[in-house]
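With the hints as extra help, turn the sequences into a complete structure.
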Amino acid sequence: MQNFLKILGVAVAATLPWVPAQAACEDYTKELRTMVSADQALRSRLDFSEINTPAQQKIGAHMGVIDRANTARLKVLFAQCGFPDAEKHGERAERDAWLLVQHADHDRAFQKQTLALLEKIAAERGEPVGRNFAYLSDRVAVAERRPQLYGTQLMSLPEQPCNLEFDRLDDREKVEARRAALNMPPLDIYKKMVIKNANCQGDVPETKPASPSSQ
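As numbered in mature numbering (1 follows the signal peptide of the UniProt record, and there is no 0), residues -23 to -1, 1 to 192 make up the sequence shown, in order.
The hints are simulated quantities; they were obtained by calculation from the structure and are not laboratory data.
Positions of the beta carbon are idealized from the N, C-alpha and C atoms, including for glycine.
A few of these clues could be false.
Taking lysine-lysine and the DSS-like style, the derived pairs with C-alpha atoms no more than 25 angstroms apart in a straight line are [stated by the list, open to error]:
| # | residue 1 | residue 2 |
| --- | --- | --- |
| 1 | 65 | 35 |
| 2 | 151 | 168 |
| 3 | 173 | 35 |
| 4 | 52 | 65 |
| 5 | 151 | 169 |
| 6 | 7 | 65 |
| 7 | 97 | 52 |
| 8 | 52 | 7 |
| 9 | 97 | 151 |
Derived Cβ-Cβ restraints for the label pairs, each shown as a range [as the list claims (entries may be wrong)]:
| # | residue 1 | residue 2 | range |
| --- | --- | --- | --- |
| 10 | 173 | 18 | 17 to 23 angstroms |
| 11 | 64 | 38 | 34 to 40 angstroms |
| 12 | 178 | 56 | 39 to 45 angstroms |
| 13 | 57 | 142 | 37 to 43 angstroms |
| 14 | 49 | 163 | 33 to 39 angstroms |
| 15 | 157 | 121 | 22 to 28 angstroms |
| 16 | 7 | 170 | 28 to 34 angstroms |
| 17 | 31 | 105 | 41 to 47 angstroms |
Quick look at the structure:
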């Protein structure tokens, strides 16, 4: 009954090979960009202040169709070409692939496989996990009813779509520390950014920030 703003596994990572792109993958980055363009063309039309209207519900239904088609194709591309490498394919391709996985909520196993793969890639590079990992980690945690480690996902009730609040968080101070380590804005600032992007300014009731203990 809740709307989540859209917004683990170890051995399974082996099913998503991280290999150099081959000749058959020459159009990999272009295809990723095309899929993301379709994804964003619909999501850019979302208006949480009108989310319960027939027009917005229709957009949501179309998003589901696009997400499923994108996921099916993305899994094929991952199997053929591996997960995009920023050095080989560019940072945008890497982010495009992550965004498509982030929106594959109908295929939680695929999201968890990719999450494990992102962690594996970071370890092989000797680097900490990045923001993409943080967002996907929280996405999976919310779906599995676990506390968010990074505080990236907000939710609202259907009758109050603009009353966006963080889904359950880990200890707030620890969440803030993890965010700071990834150069992510503090929770309160991030929440304002999300509300603005959801077109909810002026529709949000005045509330005091939740205390760490209540999270």
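We went through each hint and held it up to the structure:
1. 65 with 35: violated, 38 angstroms
2. 151 with 168: Distance of about 17 angstroms is within 25 angstroms: holds.
3. 173 with 35: Holds: residue 173 and residue 35 sit about 22 angstroms apart, inside 25 angstroms.
4. 52 with 65: Between residue 52 and residue 65 the Cα gap is close to 19 angstroms, so the pair holds against 25 angstroms.
5. 151 with 169: holds, 20 angstroms
6. 7 with 65: holds, 14 angstroms
7. 97 with 52: holds, 18 angstroms
8. 52 with 7: With Cα atoms ~16 angstroms apart, residue 52 and residue 7 stay inside 25 angstroms; holds.
9. 97 with 151: holds, 23 angstroms
10. 173 with 18: 17 to 23 angstroms: holds, 20 angstroms
11. 64 with 38: 34 to 40 angstroms: Holds - the Cβ-Cβ distance for residue 64 and residue 38, about 39 angstroms, lies within 34 to 40 angstroms.
12. 178 with 56: 39 to 45 angstroms: The hint (39 to 45 angstroms, Cβ to Cβ) holds, given that residue 178 and residue 56 are roughly 43 angstroms apart.
13. 57 with 142: 37 to 43 angstroms: holds, 41 angstroms
14. 49 with 163: 33 to 39 angstroms: Roughly 38 angstroms apart at Cβ, these two residues keep to the hinted range, so it holds.
15. 157 with 121: 22 to 28 angstroms: 25 angstroms Cβ-Cβ, so the 22 to 28 angstroms window holds.
16. 7 with 170: 28 to 34 angstroms: Given a distance of about 30 angstroms, which is inside 28 to 34 angstroms, the answer is holds.
17. 31 with 105: 41 to 47 angstroms: Given about 45 angstroms between the Cβ atoms, the range holds.
When each numbered hint is compared with the structure, a violation occurs for hint 1 only.
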